[in-house]
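Note that the protein sequences, when read in sequence, are chains A and B.
For the first sequence, the working numbering assigns the number 1 to the initial residue and increments by one for each residue that follows.
For the second sequence, the working numbering assigns the number 10001 to the initial residue and increments by one for each residue that follows.
Hint data in this document are derived by calculation from the structure and do not stem from the laboratory.
Don't be surprised by glycine CBs; every beta carbon is placed ideally from N, CA and C.
Some hints here could point you the wrong way.
Calculated cross-link-like contacts (lysine to any residue; reagent style SDA-like; alpha-carbon spacing at most 20 Å) [as the list claims (entries may be wrong)]:
id, chain 1, residue 1, chain 2, residue 2
1, A, K844, A, P772
2, B, K10029, A, L753
3, A, K741, B, S10015
Example chain B residues on the side facing chain A (calculated, C-beta under 8 Å, incomplete) [said to hold, decoys possible]:
id, residue
4, M10001
5, V10003
6, G10020
7, R10027
8, P10031
9, T10032
10, D10036
11, W10039
12, I10049
13, A10060
14, C10063
15, R10064
16, K10065
17, D10076
18, H10079
19, M10084
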Amino acid sequence: MTKYRINKTRFVDQTKTVSFTFDGKKYHGFEGDTLASALLSNGIHLVGRSFKYHRPRGIMSCGSEEPNAICQINDNTDLTEPNARATEIELYEGLKASSQNCWPSLNFDIGGINNLIATFIPAGFYYKTFMWPKSFWKKIYEPLIRLSAGLGKSPTQPDPDIYDHKHEHCDVLVIGGGISGIISAKIAAKNNLKTILIEDKNILGGSTIYQNNKNFIIDNQKSNEWLMNEISELEKLDNLIIKTRTSLAAFHSYNYLLAKENISDHLPLDKKNGSIRQRLWKIRADKVIVAAGAIERPLIFNNNDRPGIILANSVKKYLDFYGVSTGLNNIIFTNNDSAYETAVSLFEKGISVKIVDIRKKSSSNIVKNADDLGIKIYWNSTVVNTFGYKKIKSIEIMNLSEDGSNVTGNKHKIQCDCLSISGGWTPMVHMHTQSGGKLDFREIDQVFVPTEKSENHINVGSCNGDFELEEIVKNTNNKVKKFLNINEGGFDKISVFCSKESEKKNIWLLPNTISESKTKSFIDFQNDSTAKDIKLALREGFKSIEHVKRYTTTGMATDQGKLSNMHALGIIADTAGVKMGSLGTTTFRPPFTPLTFGAIVGRSVGKFFDIVRKTSIHEWHVQNNAKFENVGQWKRPWYYPINNENLHEAVQRESKAARDSAGILDASTLGKIDIQGSDASEFLNRVYTNAWLKLGIGKCRYGLMLNEDGMVYDDGVTTRLGENHYLMTTTTGGAANVLSKLEDYLQTEWPELDVYLTSVTDHYSTASICGPNSKKILKKLFPNKDFSDEAFPHMSYQDAIIDKIECRIMRISFTGELSYEINVESKYGKSLWENCIAAGEEYKITPYGTETMHLLRAEKGFIIVGQDTDGTMTPIDLQMDWIVSKKKYDFIGKRSLYRSDTMREDRKQLVGLLTDDPNEILEEGAQIVSELDKKPVEMIGHVTSSYFSPNLNKSIALAVVKGGKKMNGQKLFVPMENKNINVTVSDFIFLDKENKRINA
Amino acid sequence: MFVINCPYCGERDQSEFSCGGEAHIVRPKQPTELSDDEWAEYLFMRKNIKGVQFERWNHAHGCRKWFNMVRDTSNDKIHAVYKMGEKPPVI
Ligand SMILES: [Zn+2]
Chain A
1 MTKYRINKTR FVDQTKTVSF TFDGKKYHGF EGDTLASALL SNGIHLVGRS
51 FKYHRPRGIM SCGSEEPNAI CQINDNTDLT EPNARATEIE LYEGLKASSQ
101 NCWPSLNFDI GGINNLIATF IPAGFYYKTF MWPKSFWKKI YEPLIRLSAG
151 LGKSPTQPDP DIYDHKHEHC DVLVIGGGIS GIISAKIAAK NNLKTILIED
201 KNILGGSTIY QNNKNFIIDN QKSNEWLMNE ISELEKLDNL IIKTRTSLAA
251 FHSYNYLLAK ENISDHLPLD KKNGSIRQRL WKIRADKVIV AAGAIERPLI
301 FNNNDRPGII LANSVKKYLD FYGVSTGLNN IIFTNNDSAY ETAVSLFEKG
351 ISVKIVDIRK KSSSNIVKNA DDLGIKIYWN STVVNTFGYK KIKSIEIMNL
401 SEDGSNVTGN KHKIQCDCLS ISGGWTPMVH MHTQSGGKLD FREIDQVFVP
451 TEKSENHINV GSCNGDFELE EIVKNTNNKV KKFLNINEGG FDKISVFCSK
501 ESEKKNIWLL PNTISESKTK SFIDFQNDST AKDIKLALRE GFKSIEHVKR
551 YTTTGMATDQ GKLSNMHALG IIADTAGVKM GSLGTTTFRP PFTPLTFGAI
601 VGRSVGKFFD IVRKTSIHEW HVQNNAKFEN VGQWKRPWYY PINNENLHEA
651 VQRESKAARD SAGILDASTL GKIDIQGSDA SEFLNRVYTN AWLKLGIGKC
701 RYGLMLNEDG MVYDDGVTTR LGENHYLMTT TTGGAANVLS KLEDYLQTEW
751 PELDVYLTSV TDHYSTASIC GPNSKKILKK LFPNKDFSDE AFPHMSYQDA
801 IIDKIECRIM RISFTGELSY EINVESKYGK SLWENCIAAG EEYKITPYGT
851 ETMHLLRAEK GFIIVGQDTD GTMTPIDLQM DWIVSKKKYD FIGKRSLYRS
901 DTMREDRKQL VGLLTDDPNE ILEEGAQIVS ELDKKPVEMI GHVTSSYFSP
951 NLNKSIALAV VKGGKKMNGQ KLFVPMENKN INVTVSDFIF LDKENKRINA
Chain B
10001 MFVINCPYCG ERDQSEFSCG GEAHIVRPKQ PTELSDDEWA EYLFMRKNIK
10051 GVQFERWNHA HGCRKWFNMV RDTSNDKIHA VYKMGEKPPV I
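Isolated chain A, as found in the complex (with noise of 0.2 Å):
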């Protein structure tokens, strides 16, 4: 055993040695011990560097409100974790863990000159700093705030270890295994409900567990012994899960709550055999009990942050639980009484301890047991300042004047090798606010409590603001036999008795001899922001708690201000002269402890991260040496590269090849939905601008669909297969969006038409053969079947026969060119498919894909919607009047065609570019401009299509220009990094004007 390690407790067993490393170095802890309590029973305190000043740091508490304590695990490993605290990580053998933000070593830190320049590192130093001039900013300043910037490394590899998620409904959750929380669960699932009680460390019992002092007594046993039994009660019964390692992320509204399960977190790597590593549970409960507990507050004063400073409860839980004392030299300075119970344990093992108290007295129980035992201490005193660079070697304390605001008398110093602090306590009321709860401020004892209004959540228990054992036993009896409407709680005739706290006082900001600027008096530890920066914050103006939390970072830290957010606030009232109460607090956000990326994702990675759609004949395309594009969820080949073809060679060879013979495309994404009703028809008419109501019986027809504001938003080829019985088609990505919008017309606006929707996307493959030698293909595929443009023109659909496998061919074109699609069930997609290829042998089909596709369609001046449109473009501003009836009295987006807005003529015009040099292929998205001396550069549109098209043997763009209708063969400009790229506006139909072609 370590000098430090003086105490034999139930919950560490010092049978079983565990060795692990800090920084590098190897040490020894017990089965049972945190990495904090290993360290410290080592006698090591110092485990990291501030954040602005990179002041050495020690271990300030035993949980997850631990500001100092950061760590990087398993450094150097796929499997490492920053900013881990050492007060939460299970000890297990082999652990590696290192300290972080020092460089180059912890006890030697460069960093550390920021210390000695702190006067020049105020409140806001960043915002302030790096404004000027704005040259600095990407090459010094930027880089500079990124070297210091952040705590931990962040992991290089991906995450090898398996996350999960799990739902779960419940009754009651019960939140926090402490005492009130303990009651609360048994009493829930004594009376028939599913209960289950979370608890964020390895077992159950929270503070009360370790709490052997004779001042406070359940039932005749010690409170710790009597909570004991409790628990060994509470594990027989059957409605209960118990949840121990899981910590509760978020509290949303209906009762939805996350909470986190540390799996195999505290299982050496060897023995984790492939397990889970954390768990995230998304709980659906009928009630929530909130029993978070409570948390010690700090005392601000100067130089309040060196090694060895340590909450007083904590440095009782590290006695009594882990059996380390923190020192072997003791003071504790304290507000309240709750500290003297450290005090006593420490007596009782041996350990010096002597009591600084703010208060003049006190009178309770417990003052009188440390009194009786001849504890010494100094009433009505304050510490003015701690010494000892890298850990904490003597204090000096000096009276409080009578009201408390000043010191007077003479300094005492007094030697310690550590100081424990108590400030009072701070219920965890974040669960409550985050849950909607509102908060009332109590004068008192100066926290904010709950106010209960809400039917479905109840508060018990420290964090509810009852902070003495018989207060937290009954209250939490009484409060859940009423909220979950028992009769009989079990603990109705329970017997209680406790020391009771009865002087109270108070002072955020403990008052000094020498100027508050010349100390360093820490409120957010791990942020660095003192008491000085948030005055100055206020003498610099700001006066919302919210803009001095970001302006000071106050709170902003990992450990997000669950130690500094109430200082900061009573410095401000105080400096400010207001009520507390009045100032209200900063949102709590959820994760109450932060999550892992890998439990928010759970097993959504790699291939699990999205769906992925594929057509049945994709294997094709694999073989075949697609390359694939994702549009939306689908793959697409996207180009077949030959012979280590670029996406560039590969495309124009088959764009070539499509207008010369005969290409074929795999279109069995585009969107299909399947339309019936009596008033299919007439829905067709309101849905599309253009008119329906005449298609013939076998037709096809382009349609094109608009928002209410008259802004294009998809089009596609809609074919009549019967009287009834319309096929529509969408474009790919826009598939599920026309679905749900046509649904909701459907049902909310025109209820009285009868007509019935059905997505058949999945159900139909779609080969598209285009190209002169398309018809010739075709008719080697269904040789019974006459394409004469007369028995099969184009725009038109007929059923057919392949391999006793019905189809519909589609005599529609994408290209321009003489085109047909063969649709099938999807089953056979691939048969058809190669089908189609050994038919088209001889005539050299080339398969292309969506960039070829993008080409000929570009050639031809076709749009895509998405790409040539981006919902400010009309069917006007695209140049396809035409296809807007004049003569329907109503389509969907008509009447904002004949909007003010709409009608402008210097709207963003569809318009065709070519380039002066034809060989000059623009960048899609580059901007346009008509005159490049003028100052600021007016933009004028911007391109949105640009190909070089091997047809036409020069370059193509399509793009949107102001006014661009009316520019036909003005020269415009496209300024790029280096150059400016002189164009002409032209026609955007580049391809055979005259429809030749389709009938070729």
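Starting from the known structure of chain A, fit chain B with the ligand onto it as the hints suggest.
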């Protein structure tokens, strides 16, 4: 994350639904006879109330039905759920 009582399916998680904005805005039957201002009123103007608001919701990942819901936007309390075409309740 609230629970919505779909009038066709019963209680389901909010993640199955999508909100379609303010309810009871009827598409004008004769849009061409409206002035620009009148059309803009229909097209763009929404109340976005802090408090009790009548909204359209769609059970997108369920029955795909649209329905109306009365929700207090300040605390997400749902006061009523009713089918399209039914009379709005008095809240
Ligand atoms: Zn439904």
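Here is what the structure says about each hint:
With a C-alpha separation of about 12 Å, the suggested pairing of A/K844 with A/P772 holds against the 20 Å cut-off. As the CA atoms of B/K10029 and A/L753 are separated by approximately 15 Å, the hinted pair is consistent with the 20 Å bound. Note on A/K741 and B/S10015: the hinted pairing holds, with a Cα-Cα distance of about 19 Å set against a maximum of 20 Å. Given the 8 Å rule on beta carbons, the hint for B/M10001 holds: about 4 Å separates it from the nearest Cβ of chain A.
At its closest, the beta carbon of B/V10003 sits 5 Å from a beta carbon of chain A; the interface hint therefore holds under the 8 Å criterion. Interface restraint check for B/G10020: the shortest CB-CB distance to chain A comes to about 7 Å, inside 8 Å, so the restraint holds. Hint on B/R10027 holds. Least Cβ distance to chain A is approximately 5 Å, under the 8 Å limit. Nearest Cβ of chain A to the Cβ of B/P10031: about 4 Å, under the 8 Å cut. The hint holds.
With a least beta-carbon distance of about 6 Å to chain A, the hint placing B/T10032 at the interface is held under the 8 Å criterion. Taken as an interface hint, B/D10036 checks out: its beta carbon lies about 5 Å from the nearest beta carbon of chain A, inside 8 Å. Hint status for B/W10039: holds, given a least beta-carbon distance of 5 Å to chain A, under 8 Å. At a threshold of 8 Å, the smallest CB-CB gap from B/I10049 to chain A is about 18 Å, leaving the interface hint violated.
Taking 8 Å as the C-beta contact cut-off toward chain A, the hint placing B/A10060 at the interface holds, the least distance being around 7 Å. Annotation: B/C10063 was flagged as interfacial toward chain A, and the flag is violated, the nearest CB pair being 11 Å apart, outside 8 Å. For B/R10064, the interface hint holds, since its Cβ comes within 8 Å of a Cβ in chain A; the closest pair sits about 6 Å apart. For B/K10065, the suggested interface contact is upheld, since its CB lies about 7 Å from the closest CB of chain A, less than 8 Å.
With its C-beta approaching chain A no nearer than about 5 Å, B/D10076 sits inside the 8 Å limit, and its interface hint holds. For B/H10079, the interface hint is violated, since its Cβ never comes within 8 Å of a Cβ in chain A; the closest pair sits about 14 Å apart. Hint status for B/M10084 relative to chain A: holds, with the closest Cβ pair at about 6 Å, below 8 Å.
In terms of the numbered hints stated before, the structure departs from hints 12, 14, 18, listed from lowest to highest.
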